[in-house]
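Colleague: Spelled out, the chains give:
Protein chains: 2
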Amino acid sequence: MLQDQTFLRIPGPTPIPPSVQHAMSQPMIGHRGSEAKELIQRIRPRLKTIFGTEQDVLMIAGSGTAGLEAAVVNSAMPDDEVLVIVTGAFGDRFKKICQSYQLNTHVIDVPWGEAVNPDKVAAYLNQHPNIKVVFSTFCETSTGVLNPIQDIAKVVHQTSDALLVVDGVSCIGGVECKMDEWGVDVLVTGSQKALMLPAGLTFVAASDRALNKMKENPQPRFYLNLNTYHDKLTDYSTPYTPALSLLFGLEQVLTLIEEEGFDKVVERHEMMKNMTRAACRALHLPLLTTDQDASPTVTAVQPNDVDPENLRSIVKQEFGLSLAGGQQHLKGKIFRIGHMGYSSPADVLQTISLLEIGLHKAGKQVEFGTGVAAAQAIYTQLQK
Amino acid sequence: MLQDQTFLRIPGPTPIPPSVQHAMSQPMIGHRGSEAKELIQRIRPRLKTIFGTEQDVLMIAGSGTAGLEAAVVNSAMPDDEVLVIVTGAFGDRFKKICQSYQLNTHVIDVPWGEAVNPDKVAAYLNQHPNIKVVFSTFCETSTGVLNPIQDIAKVVHQTSDALLVVDGVSCIGGVECKMDEWGVDVLVTGSQKALMLPAGLTFVAASDRALNKMKENPQPRFYLNLNTYHDKLTDYSTPYTPALSLLFGLEQVLTLIEEEGFDKVVERHEMMKNMTRAACRALHLPLLTTDQDASPTVTAVQPNDVDPENLRSIVKQEFGLSLAGGQQHLKGKIFRIGHMGYSSPADVLQTISLLEIGLHKAGKQVEFGTGVAAAQAIYTQLQK
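Chains A and B supply the protein sequences, listed in that same order.
Position one of the first sequence corresponds to residue 1 (UniProt numbering), numbered consecutively onward.
Position one of the second sequence corresponds to residue 1 (UniProt numbering), numbered consecutively onward.
Pairs count within a copy or across copies, as identical chains cannot be separated in the list.
Each computed DSS-like pair below joins lysine-lysine, with the alpha-carbon atoms no more than 30 Å apart: (1) Lys-264 - Lys-364; (2) Lys-264 - Lys-361; (3) Lys-215 - Lys-132.
These are calculated hints, taken from the structure and not from any lab test.
Predicted model only: the values in this text are computed from it and were never measured.
With the hints as constraints, model all of the structure from the sequences given.
Modeller: Right, here's the structure in full:
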């Protein structure tokens, strides 16, 4: 196998664009000097488009889970009743964080592979009028489901005065998001998915309503106290040492997204989803989710005639192609193809062509080229 | 289009592996210090495998043409009769260099797209017994032809006492080469092709017979005097300032080649050639060369129903995919696909899938996936 070549097609971390890699390698600067301030000043307004908000997007050195915990400890008061919508492993993580803080935690469990039905959320909130915060994942990375956040926000605000907190880690930057318009109160994401950076930076934006509650929230917290991040950002700074090289990279990521046009970025992700799904269908690979529930950033496949772990191992060894496996009870039952961030229709075509060879080597009857052809047809038909 | 993504599938320069890019960015060192000496000492023995020689491979800061000129001015004396075998644009360059030095230059002109027939060389040398040097390209980049150097060497030495000088710029590192065994007297290559580096370094190896002639050669020359490079390399040094960052990169290139195994590297190039040719046939794209004459590093395609320049422009704009056009009288008539160096079967599959879309957009009737399927079939059948 050609040395030094790998194809990272997992739902995060995702490949880093060369110009971002280059930007991250610029010489270090002091984080309390004018250069750092100017860098944050340049970045600050440009994240808002991606979140669909006029609010500030706070940046914390930490992984996505730090962002999720920040969302929990700032938006929920110690005696709050909260509702967590669990559609997979990352909904489950929200639940675990809430339980760690001994919050009175209600759970709506949705079968893995399905999105939550907003009517169910409405019914639950009607029955439990004391719920103060609703937690939902946007893209459930473990299943490739995109929950209908716009509709969830609508029913949450129609049926309650709860805050809606959303985990957007594996989709923000690759999907349309109108935080303010939809009424999302807290939105979290991470750097290593559609934002094309290494892990180590998490982003949190909050509505005025959420910010007001945070100010009065007695929940003990220090590093993850969003009030301090908010106050410092007003002065183009951070309360604690910022992950500067990631900020260098972030500035270049924003430039790449703006050069392509964020609406085009969203279209590209939609295209990659449609190409991947059409290819899997043509190859008789059952998809875990319906078209309506499918995320533009990751596709879960549940093959009935090959072992997903064997398939993953074959393409990894043969081509350096990394696909993701299943998590928790889906381990060994599905594999997942990431198509987000620094990933294009050309990459999808390559991934499918390698997958076809992998399936053949795993013993599945494959008519070579049929998956690729289905994806090419989608590309040429849907292209704007 | 996804920003910052390009697919360089031309016959040089070729993509640089990330670890080589990284190696080239290490801090500069003095070129007369012990570190540089140690670097050259580490590199020196490792190039020999690739050339198939026990001789030293001299390294000159300059592009491939500097290497070709060095070959001419060192191997041909001012009053020598020389023979140049011209099978394309780079044979033509050898001719022009010889003519610049007012050498008495004989030429065998071969139709572009064909390899030279060794019998023709034998006949020519029999008729012109005073020829002292024969010049031939190994891979003719402009047409994708691989000349049969082993057979040419045989007839040159059977019918004359001429030196055989070979331009191996666009294939050495990607094809089997047995310089000593075959009887090649001077072999030249460049850094930016199968050796996976940026341009700026050229390599020349010479047989004892050629080295002896060089020592007595009165041809005026300074920078390109190979005697000085040869003497200095014995002391792990160079006569003039070496292109150090390219040497940093070269060391890593040699590591990558050794890790893969040079025989596996050669097999990979052969595989990429066969995959590309099978795909073109399946897509009804006429190939410029026969299977026997085809180079493992570059494939020339002569489509009869699309304009190659339009096709190239479509795939460049649509996917950032660079294919090469034709040179001189083949301009506008062919396009060329590079598959050498940091390039894999996975890259060939991707290139073909993008080419299929490009052909469709250029107005050709294409059954999507058929080129990819043909290449996949070759891959799975031929794989060792």
